[in-house]
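Asks: Those protein sequences? They're chains A and B, same order as listed. For the record, in the first sequence the residue sitting at position 313 is 313 according to my numbering, with numbers rising by one throughout. For the record, in the second sequence the residue sitting at position 192 is 192 according to my numbering, with numbers rising by one throughout.
Misleading hints may appear alongside valid ones.
[Claimed, not checked] On the chain A side, residues computed to face chain B include the following (Cβ under 8 Å):
hint, residue
1, Val381
2, Ser419
3, Ala422
[Unchecked claim] Capping the alpha-carbon separation at 25 Å, the derived lysine to aspartate or glutamate pairs in DMTMM-like fashion look like this:
hint, chain 1, residue 1, chain 2, residue 2
4, A, Lys407, B, Glu128
5, B, Lys112, A, Asp88
6, B, Lys163, A, Asp373
7, A, Lys255, A, Glu156
8, A, Lys407, B, Asp185
9, A, Lys400, B, Glu66
[Claimed, not checked] If you want the ones that stay clear, here's a sample from chain A, every Cβ over 12 Å from chain B, calculated:
hint, residue
10, Lys37
11, Phe129
12, Ala146
13, Gly149
14, Ser151
15, Val154
16, Asn236
17, Leu241
18, Met270
19, Lys288
20, Ile292
21, Lys298
22, Lys342
23, Pro358
24, Tyr384
25, Ile420
If you are wondering where the hints come from, they were derived from the structure by calculation, not from laboratory data. Idealized CB from N, CA, C, for every residue including glycine.
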Amino acid sequence: MYDLTRRHFVKLTGGLAAAGLASSFVANPARAAEGKKRVVVVGGGYGGVIAAKYLRKVDPNIVVTLIEKEKLYYSCPLSNPIIVGLRDLKVQRWGYDNLAKHGINFIQDEVLEIDVAKRTVSTAKNASFSYDKLVVAPGVEFKWDAIEGYSEKVSEKIPHGWKAGPQTLLLQEQLSAMKDGDPYIIVAPPNPYRCPPGPYERAGLVAWYLKKNKPRSKVIILDPKDKFAKQGLFINGWKELGFNIEWVSGNDGGKVTRVDANNMSVHTEMQEYKSSAINLIPPQKAGKIAQISGLADKTGWCPVNQKTFESTIHKDVYVIGDACTVTGEIPKSGFAANSEAKIAAAAIHASFNGQGEPDPSYVNTCYSLLSPDYGISVAAVWAYRNNAITKVSGGVSPEKASAVFRKQEAMYAESWYQSIMAEMFS
Amino acid sequence: MRKRMLVLAAVVVGGLWGGAAVAGPTSGMLSNTCDGCHGPGGVSPGPYMPSIAGMPYNFLKQMMTEFMKDERPSTIMSRIAKGYSDGEIDEIAKHFAGLKWGVNNGASVKGKSVDPDKAEKGKSLARECEKCHEDGGKKQDEDTPRMAGQWLDYLQLKLGEYKNDEKYPQPKKMKTQIDKLSVEDLEAVAHYFAGQK
Numbered sequence: 001m002y003d004l005t006r007r008h009f010v011k012l013t014g015g016l017a018a019a020g021l022a023s024s025f026v027a028n029p030a031r032a033a034e035g036k037k038r039v040v041v042v043g044g045g046y047g048g049v050i051a052a053k054y055l056r057k058v059d060p061n062i063v064v065t066l067i068e069k070e071k072l073y074y075s076c077p078l079s080n081p082i083i084v085g086l087r088d089l090k091v092q093r094w095g096y097d098n099l100a101k102h103g104i105n106f107i108q109d110e111v112l113e114i115d116v117a118k119r120t121v122s123t124a125k126n127a128s129f130s131y132d133k134l135v136v137a138p139g140v141e142f143k144w145d146a147i148e149g150y151s152e153k154v155s156e157k158i159p160h161g162w163k164a165g166p167q168t169l170l171l172q173e174q175l176s177a178m179k180d181g182d183p184y185i186i187v188a189p190p191n192p193y194r195c196p197p198g199p200y201e202r203a204g205l206v207a208w209y210l211k212k213n214k215p216r217s218k219v220i221i222l223d224p225k226d227k228f229a230k231q232g233l234f235i236n237g238w239k240e241l242g243f244n245i246e247w248v249s250g251n252d253g254g255k256v257t258r259v260d261a262n263n264m265s266v267h268t269e270m271q272e273y274k275s276s277a278i279n280l281i282p283p284q285k286a287g288k289i290a291q292i293s294g295l296a297d298k299t300g301w302c303p304v305n306q307k308t309f310e311s312t313i314h315k316d317v318y319v320i321g322d323a324c325t326v327t328g329e330i331p332k333s334g335f336a337a338n339s340e341a342k343i344a345a346a347a348i349h350a351s352f353n354g355q356g357e358p359d360p361s362y363v364n365t366c367y368s369l370l371s372p373d374y375g376i377s378v379a380a381v382w383a384y385r386n387n388a389i390t391k392v393s394g395g396v397s398p399e400k401a402s403a404v405f406r407k408q409e410a411m412y413a414e415s416w417y418q419s420i421m422a423e424m425f426s
Numbered sequence: 001m002r003k004r005m006l007v008l009a010a011v012v013v014g015g016l017w018g019g020a021a022v023a024g025p026t027s028g029m030l031s032n033t034c035d036g037c038h039g040p041g042g043v044s045p046g047p048y049m050p051s052i053a054g055m056p057y058n059f060l061k062q063m064m065t066e067f068m069k070d071e072r073p074s075t076i077m078s079r080i081a082k083g084y085s086d087g088e089i090d091e092i093a094k095h096f097a098g099l100k101w102g103v104n105n106g107a108s109v110k111g112k113s114v115d116p117d118k119a120e121k122g123k124s125l126a127r128e129c130e131k132c133h134e135d136g137g138k139k140q141d142e143d144t145p146r147m148a149g150q151w152l153d154y155l156q157l158k159l160g161e162y163k164n165d166e167k168y169p170q171p172k173k174m175k176t177q178i179d180k181l182s183v184e185d186l187e188a189v190a191h192y193f194a195g196q197k
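Generate coordinates for the entire structure from the input sequences, incorporating the hints supplied.
Replies: Here it is in structure tokens:
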């Protein structure tokens, strides 16, 4: 393993990567020489963009093409404050223009098919791209048929707001238009889903808004689950801040089985809840392309080698971010997707060079706001040990902390956002 | 055994994932996750998040070790630092010490801007600080971090903590100087150092 040739090679590739970093590499993919390795990345979110960037960073000779359906990207993390008027959607919106600066070939198009035998992807605009390795980072898709009466069409009346953009603004409008005294109803999804603390961050911020603007109203969370992420901190914080939030757990009959859009009501087995403001976050599965290309298993998510993120179903295809199945309790978060992308890029690079699988290091950092001045967080580090992802350290914010501490976490949340966005889009 | 592996990792380190031939994550693999909060290459675009690129190796290592041992107050850093061995912390410190300083590069938001009057006032107040943080805070050695050009918001936050928290870990000399300055004085000092490029 430690033979000279190998070491020499490592040094050499290291040197190349460093040289690439020093210059601003503007590559023309069309000019790509024969024999260069081609990686296609499907999806331009927290995972896909970082995978593309890191592949170019580690080896500027890799021809990287990123295919993304949308022209602009809207970040989900930190989009909840928009609903309560604390933030503008504009600061969540990013363009892909700078990717060219890093030598990434950006294609705005939708991938409709992956042919793993021919190693090609084909798109809605009738283009076809060949790859040596493929990275699939499609995020989540909603299970539209999981709750009776709910559909994509109904989501225009009873929004999910689980992909930032027009749905976020719709939630904002409905919150501002609702009558003082009406409940604000949030239907939380079952595990696993994108952003585990998300529905509860939203509940707190909405309650903060209601306390100021519609003091006779309260938030009702209807939940199929019996526990949720950062639960102790959320519940203590809501109490501390004097928020009016009722959480109905699965055991207490919180599972919503039916929606009546005409009547603006949601139904559990026990009760009907009615309001002009209902936010229903549907059950989720891996993004559409992962489903139609057979990358997902019967759970609806994509099984991967936990050390490399290569699909255990299709060779040379790597699935990262919300769409993949990760053990060790790594959540479906933006930061986790960022971390997974870096690991996958390292694994692809190693594979191209005939090296063994590199040892990964996984990190997650996730902030939630309860009010503009009150933040909480979860952070963890994992390592790959004894053939499994093993949590090495981490945890949530302390149960007891000063107001200054909570405020600092809120401030760090914003700075976190600026950093992770700069890593993607600068 | 683990220690020996890390020594080997140090020998072949270079590039982002250089040293992939040894056991355990490489220096680059360990450090690239830091960028998610501290900015690309440790250059922070978030006004409360310090830039760590090009900071002294000893200083970075000391910070991480103090976070790990709960000797330095933090919000999340103590939870994260515990995820690494001493050798891994050493690798991370080496990685960022080897990068180029350059705060505010590519920033898409502006933090608070430096007030020239406050900076001028801070300049005279910072005379004592400059015995260690020489050359307008640009000089750094093994234990002295760079202050020049760091985010104003971050400097204000931290100087406040150094002043208000009796147990905040800091050199005796520094505590003596900080105690002599009022909150307003320290704010002016922060403006002065943040304004140095």
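Asks: Hint by hint, note whether the structure agrees.
Replies: Hint by hint, here is what the structure shows:
no.: 1; hint: Val381; verdict: holds, 3 Å
no.: 2; hint: Ser419; verdict: holds, 4 Å
no.: 3; hint: Ala422; verdict: holds, 4 Å
no.: 4; hint: Lys407(A) to Glu128(B); verdict: violated, 31 Å
no.: 5; hint: Lys112(B) to Asp88(A); verdict: holds, 19 Å
no.: 6; hint: Lys163(B) to Asp373(A); verdict: holds, 22 Å
no.: 7; hint: Lys255(A) to Glu156(A); verdict: holds, 22 Å
no.: 8; hint: Lys407(A) to Asp185(B); verdict: holds, 23 Å
no.: 9; hint: Lys400(A) to Glu66(B); verdict: holds, 21 Å
no.: 10; hint: Lys37; verdict: holds, 16 Å
no.: 11; hint: Phe129; verdict: holds, 25 Å
no.: 12; hint: Ala146; verdict: holds, 32 Å
no.: 13; hint: Gly149; verdict: holds, 40 Å
no.: 14; hint: Ser151; verdict: holds, 36 Å
no.: 15; hint: Val154; verdict: holds, 36 Å
no.: 16; hint: Asn236; verdict: holds, 17 Å
no.: 17; hint: Leu241; verdict: holds, 19 Å
no.: 18; hint: Met270; verdict: holds, 40 Å
no.: 19; hint: Lys288; verdict: holds, 27 Å
no.: 20; hint: Ile292; verdict: holds, 31 Å
no.: 21; hint: Lys298; verdict: holds, 32 Å
no.: 22; hint: Lys342; verdict: violated, 5 Å
no.: 23; hint: Pro358; verdict: violated, 5 Å
no.: 24; hint: Tyr384; verdict: violated, 8 Å
no.: 25; hint: Ile420; verdict: violated, 5 Å
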